[in-house]
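Visitor: Sequence order for the protein chains is A and B.
All residue numbers for the first sequence refer to the working numbering, where the first residue is 1 and numbers rise by one.
All residue numbers for the second sequence refer to the working numbering, where the first residue is 1 and numbers rise by one.
Derived by calculation from the structure, the hints in this document are not laboratory data.
Don't take each hint at face value.
Heads up, the list lumps identical chains together, so a pair's fine if it works in one copy or across two of them.
As the list claims (entries may be wrong) - Derived DSS-like pairs: lysine-lysine, alpha-carbon spacing no greater than 27 Å straight-line: (1) 5 - 203; (2) 173 - 194; (3) 203 - 144; (4) 144 - 5; (5) 173 - 64; (6) 64 - 141.
A quick note: this is a predicted structure, and the numbers were derived from the prediction, not measured.
2 protein chains.
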Amino acid sequence: MANNKPTLYTCLSPALLHLYDLRNAVVVIIDVFRATSTIASALHNGAQCVIPVDEVAKAIALSKNIEGSIAAGERDGQIAEGLQHGNSPLEYDRDFIGNRTLVLTTTNGTRLLQMALDNEADTIITGSFPNLSAVCDFLIKQNKNVVLGCAGWKDRYNLEDTLFAGAVISRIKENFTIHCDSSLSAEIQYDLAKDDLHGFAPKLTHYHRLVDRFGLIEDIRFCMTPDIANVLPLYKEGMLLKG
Amino acid sequence: MANNKPTLYTCLSPALLHLYDLRNAVVVIIDVFRATSTIASALHNGAQCVIPVDEVAKAIALSKNIEGSIAAGERDGQIAEGLQHGNSPLEYDRDFIGNRTLVLTTTNGTRLLQMALDNEADTIITGSFPNLSAVCDFLIKQNKNVVLGCAGWKDRYNLEDTLFAGAVISRIKENFTIHCDSSLSAEIQYDLAKDDLHGFAPKLTHYHRLVDRFGLIEDIRFCMTPDIANVLPLYKEGMLLKG
Chain A
1 MANNKPTLYT CLSPALLHLY DLRNAVVVII DVFRATSTIA SALHNGAQCV
51 IPVDEVAKAI ALSKNIEGSI AAGERDGQIA EGLQHGNSPL EYDRDFIGNR
101 TLVLTTTNGT RLLQMALDNE ADTIITGSFP NLSAVCDFLI KQNKNVVLGC
151 AGWKDRYNLE DTLFAGAVIS RIKENFTIHC DSSLSAEIQY DLAKDDLHGF
201 APKLTHYHRL VDRFGLIEDI RFCMTPDIAN VLPLYKEGML LKG
Chain B
1 MANNKPTLYT CLSPALLHLY DLRNAVVVII DVFRATSTIA SALHNGAQCV
51 IPVDEVAKAI ALSKNIEGSI AAGERDGQIA EGLQHGNSPL EYDRDFIGNR
101 TLVLTTTNGT RLLQMALDNE ADTIITGSFP NLSAVCDFLI KQNKNVVLGC
151 AGWKDRYNLE DTLFAGAVIS RIKENFTIHC DSSLSAEIQY DLAKDDLHGF
201 APKLTHYHRL VDRFGLIEDI RFCMTPDIAN VLPLYKEGML LKG
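Only chain A is shown next, with the shape it has when bound in the complex (with noise of 0.2 Å):
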């Protein structure tokens, strides 16, 4: 019997990306910390929409032309320089970011973005603990192949999108064909960490960023808690809109 499930695979660092054929496929753009979380926190708070952008720049001359809309990003873990607003998904709750918009830059996952955008994706969400089932429940539905991007730190694998991708794939490959050890590599790690994720956030190269230098440990914690953020980002003509 022939096997017509659409393929998935796990792109463990942008610089792999070309390996991938992105063209019929949905990207699900994956950076934990904190890009892809803080995009689930602000559009579940009510933002209008996040426009990603890859040049502080940009976000800031971007901003200007859109009234209310907030310009915010980071570089290297802090708030870049010229601007008011970082990385942190607890920056953007309900009562400062609803019906606003929020032009964002980041380190990885805006980059990520936009070279899944010179790739020709078919279709480009985001994802994330926070919106863990929302990325599965679309994946699902919209039966195309897959392809799940973790933006890794400048283009260094790093683990905590790669236990995403293994949630993920842990939840939804009865429904795809899976053929590659990131992938398989993925869902191992997943299962090993799955019980207890915020126990397993201290071995990550990236929490010791985040934590020792900055102090951020409740943003961690957010950034791993399946489903609290439940939306689905999906890009629409430069921006990220709830799907």
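For this one, chain A is given, so just place chain B on it according to the hints.
Guide: Coordinates of chain B only, in the frame set by chain A:
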């Protein structure tokens, strides 16, 4: 107290090699299925040296100039066109390879070795389960920075190379400063698989490429048996010699 231990990083794909500084480092070329297992096998069985080359035509030309040498290699898992010998560690027993030179070209491992040379690696060795202890002993003795270089499959991540990196890390981690999620991931997965490497093998995509298509189950067994050909292949002036 200052930590003066050398660093250890794991590079999960040749396409990520540029992220690491190889200039003062020992680079371990890892291509478990099967190039670096075959290299260990040939040297263990008395080959004078193994000459890794990147093209079939080069292998043939070079072999013609070295008396009694053997040109060998594979492309896509099969003996490469124009060659009589392939990339199976079991082909190179003592009767056949003793005192001869093996000129070897493979899809992934020899390519990564060339990349390490181009990136000015200080020292290059090859590693796989058959020579696990020899690799670990050498790395501890050298006391230099280490990059564990996984050859992967056409730049894609593969888990058997990562498992070997994890095996090395689990044995020598006390001697190195290790802050990278690739190394963490390698060790986690090795810990999970180590008690039954042969049982774990059927999960790997490369296993199916080699076993389902070419029936090479005995090759797999050899390649996943620690210390069955426990020599140290050390690269020097174009050749891999018993170190």
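Visitor: Please go over all the hints and tell whether each is borne out by the structure.
Guide: Outcome of the hint check:
1. 5 - 203: between (36 Å within a copy, 20 Å between copies)
2. 173 - 194: Classified as both; 16 Å inside a copy, 25 Å across copies.
3. 203 - 144: For residue 203 and residue 144, the Cα distance is within 27 Å only across copies (24 Å; inside one copy 34 Å).
4. 144 - 5: within (8 Å within a copy, 48 Å between copies)
5. 173 - 64: Neither: 44 Å inside a chain and 51 Å across chains, both beyond 27 Å.
6. 64 - 141: neither (38 Å within a copy, 60 Å between copies)
The structure fails to meet hints 5 and 6 from the earlier list, while all remaining hints are met.
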